[in-house]
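Participant: Read off the chains here:
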Amino acid sequence: MEERIREIAQRYPAEKRFSLAVLQDVQREFNYIPPEALPLIKEHLGPDVREGQLYALATFYKALSLKPKGKHIIKICDGTACHMQGSTRLITAVQLALGIGPGECTPDGQFSLELVNCVGSCALAPIMIVDETYHSKVTMEGLPAILDTYRPGGERDV
Amino acid sequence: MSETRTLLVCCGTGCLANHASEVADALEAAVAAAGVDAVVGVEASDAATVKRTGCNGFCENGPIVKVHPDDISYYKVRPKHAEKIVASLGGEPVKALLYRNDEKQLVTRQLDNPFYASQRKIALRNIGEIDPLVIEDYQERGGYVVLERIIREAVPPETVIQELIDSGLRGRGGAGFPTGIKWKTAAGYARGGGADADGGQLPAFVCCNGDEGDPGAFMDRSILEGDPHGVIEGLAICAYAVGAEQGFLYIRDEYGLALKNVSAALASAEERGFIGDDILGTGRKLHLEIVRGGGAFVCGESTALMQSIEGQLGEPRAKYIRSAQRGLWDYPTVLNNVETLVNVPYILACGGAEYAKLGTARSSGTKVFSLVGKVNRTGLIEVPMGATLRHLIFDIGGGIKNDRAFKAVQTGGPSGGCIPEQYLDLEVDFDGLTEKGAMMGSGGMIVMDDHDCMVEVARYYVGFLAEESCGKCTPCREGLRHMQAILTDITEGRGQPGDIELLERLGHTLQQASLCELGKTAPNPVLSTIKYFRDEYEAHITAGVCPAGVCPELTDFYIDAEACTSCNACKKACPTGAIEGDKERAYVIDMALCISCGSCRAACRFDSVCTRGKARGKAAAGAGTSAEGKVAS
Chain L
12 MEERIREIAQ
22 RYPAEKRFSL
32 AVLQDVQREF
42 NYIPPEALPL
52 IKEHLGPDVR
62 EGQLYALATF
72 YKALSLKPKG
82 KHIIKICDGT
92 ACHMQGSTRL
102 ITAVQLALGI
112 GPGECTPDGQ
122 FSLELVNCVG
132 SCALAPIMIV
142 DETYHSKVTM
152 EGLPAILDTY
162 RPGGERDV
Chain X
470 MSETRTLLVC
480 CGTGCLANHA
490 SEVADALEAA
500 VAAAGVDAVV
510 GVEASDAATV
520 KRTGCNGFCE
530 NGPIVKVHPD
540 DISYYKVRPK
550 HAEKIVASLG
560 GEPVKALLYR
570 NDEKQLVTRQ
580 LDNPFYASQR
590 KIALRNIGEI
600 DPLVIEDYQE
610 RGGYVVLERI
620 IREAVPPETV
630 IQELIDSGLR
640 GRGGAGFPTG
650 IKWKTAAGYA
660 RGGGADADGG
670 QLPAFVCCNG
680 DEGDPGAFMD
690 RSILEGDPHG
700 VIEGLAICAY
710 AVGAEQGFLY
720 IRDEYGLALK
730 NVSAALASAE
740 ERGFIGDDIL
750 GTGRKLHLEI
760 VRGGGAFVCG
770 ESTALMQSIE
780 GQLGEPRAKY
790 IRSAQRGLWD
800 YPTVLNNVET
810 LVNVPYILAC
820 GGAEYAKLGT
830 ARSSGTKVFS
840 LVGKVNRTGL
850 IEVPMGATLR
860 HLIFDIGGGI
870 KNDRAFKAVQ
880 TGGPSGGCIP
890 EQYLDLEVDF
900 DGLTEKGAMM
910 GSGGMIVMDD
920 HDCMVEVARY
930 YVGFLAEESC
940 GKCTPCREGL
950 RHMQAILTDI
960 TEGRGQPGDI
970 ELLERLGHTL
980 QQASLCELGK
990 TAPNPVLSTI
1000 KYFRDEYEAH
1010 ITAGVCPAGV
1020 CPELTDFYID
1030 AEACTSCNAC
1040 KKACPTGAIE
1050 GDKERAYVID
1060 MALCISCGSC
1070 RAACRFDSVC
1080 TRGKARGKAA
1090 AGAGTSAEGK
1100 VAS
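Protein chains in written order, with this note's numbering: chain L, 12 to 169; chain X, 470 to 1102.
Calculated from the structure, these hints are not laboratory results.
Straight-line alpha carbon distances no greater than 30 Å define the calculated DSSO-like cross-link-like pairs of lysine-lysine that follow: (1) L/K148 <-> X/K520; (2) L/K148 <-> X/K590; (3) X/K1040 <-> X/K545; (4) X/K941 <-> L/K78; (5) X/K573 <-> X/K549; (6) X/K590 <-> X/K870; (7) L/K86 <-> X/K1040; (8) L/K86 <-> X/K729; (9) X/K1040 <-> L/K148; (10) L/K86 <-> X/K870; (11) L/K73 <-> X/K989; (12) X/K520 <-> X/K729; (13) X/K754 <-> L/K27; (14) L/K148 <-> X/K553; (15) L/K86 <-> X/K545; (16) X/K564 <-> L/K148; (17) X/K941 <-> L/K73; (18) X/K1041 <-> L/K86; (19) X/K545 <-> L/K148; (20) L/K148 <-> X/K729; (21) X/K1041 <-> L/K148; (22) X/K905 <-> X/K989; (23) X/K905 <-> X/K1000; (24) L/K148 <-> X/K1052; (25) X/K729 <-> L/K73; (26) L/K86 <-> X/K941; (27) L/K148 <-> X/K549; (28) L/K27 <-> X/K729; (29) X/K870 <-> X/K564.
Among the chain L residues that face chain X by a calculated CB cut under 8 Å, a handful are: (30) L75; (31) T91; (32) L107; (33) S132.
All figures in this text were calculated on a predicted structure; none of them were measured in a lab. We treat Cβ as the ideally placed atom computed from N, Cα and C, and that holds for glycine.
Between the sequences and the hints, there should be enough to build the whole structure, so can you do that?
Facilitator: Below, the structure is given as structure tokens:
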């Protein structure tokens, strides 16, 4: 892992302004920012950057997380249009189906649930994004079938 | 007929979610398979080409396929339709895929579709017409002509700026600051005319704000995806005008396709010499770089965005000194919104005075709105400033879904306001909306019907803003938390007399004492809903009733046996299995299992799921029943 984190950091010049970009790439690679990543990133970015500043960035920006996430990340859009079209009901239904609330991960590590602000697909509300796939106009009726495809052994569980 | 046909497949995020990519593949395969016979008298290779374009705006009816030059628009196309479409080229259009207007007539041309008929596309001029990844497509439609002309003819920057000032273009990101004036100020400081005057040229920066954080707005995403070169050209012209050699495009990380298309467009623009180390052989430089946003709403605020580009926390600063004087790394910086920039090449091509003829006296040009919520036709629209809300919602949007009653339209994103029915004839421009306690914002327009609770709407926005407040100044950080707590109490039946007045006082404090615009405008959703829907607040507080039947703690659901058609839709929609019934027995809700989520009412097409004040009423108040608590039990 250490090697991989170094490789990611080295994609960018050693300047403070690339701190966020490095953290985003690490997040993308591991689905979270492992605690051991921060000193390695600091080492690459040089004396202008303190480890504490990286920690501050990791907690300030929503796209970054210091906690590990599930194998499949369910993002329910709670932007206004989705909110009006029933995203709250969708959140409740996912909570009932998987037993996890927003920001939580199932004990088996299969799913985590996140609420996101508008993803800009308002005309297709309510939107649920699992990993990179957009599920549009999700209905309460259709939800269980979508979730099933991501359960262990499901067609999208790869 | 021996013309070459182009099949334009909409591949915006919306249509991609509806499998537009598979549709394009199928069309390509069908064209290849049909070969010479596809269009009589035309060589196979010329018969038809398939292009993947950006968003046409009518996402709800996607994927959209357009056939040029016949000007046929198909909607809801599936891969299975590909062969039929190709076979029909040069002949009769495929009727099943055409749009039916409000009079149930089939429409062939895009402009005959009521959704598009009264639109005037300037910012969206190329989107849906070109393949965003092919720079020649953009150039064919007049792209880079303006940039090339001003650079080759060495047009004085002052002339360019004056043209912008004459056009009256105001920033489309929300604040509505005149773009030309902003450029002029920055250019002045960069040339050493500012407070730090020492005669020398200062470095300057240009930025494109693509951190579109307003929930309910997606025009910037659409423009970045569908016409990246338009934005790049606008930014390059801006850099020329203010004398900048470096620029940044700050784009939300969530906008994957936009990031991909912009970075491809930057590479091809550099290859052609429109940007880079030696622009068009003149020795001028311009380096443009993408910065991915970190998912913080406040970073859409100009000073916070610049902090974020510098690698700091995205916190705003007080703006005694504007960024045009001291922005990125304390150098003069111009920050423009995506939609503003994409207007720039158009304005310089047609002339500022010509552009100023469009729109209203104080807001010239057009504005892109995302019309979403409870309207029949949702999507991205562009109309001249000054169009009425009624025109947008009822003519373009086709009225309220399921023929329900219009209640309010929320404009301007989370810190905008809700405008009620009596102002439907309001002409929409920067000042008109502000007068009514809302704002233009980035152009989100969310339509609400009588099933939307205005107190809950206010609570939702305040919750969003409290979460997104960066926490730097006290009024915004603490004020929003308290407003959120009070609103949550009201929606959950714990409202107290005096809460409304307290919300108003807090709101006014935030307006006056917050550091940045985010905090200053944050109380808008509360103040505007109190102003226009005070009775709903009072009903929650004094009667313990949610008139719209939304707030779960105050609402019981039941099925009206008379109206019920036993269609089973509610039963299928219920996440807790609380509904029983079949063709023989009337449908009933088991109150012991019901969590008042409202799924059944949303699913019912016959208005037979009704609401009434909760039987327990205020008995539940104070017991601390939160929504989460109920779900867990």
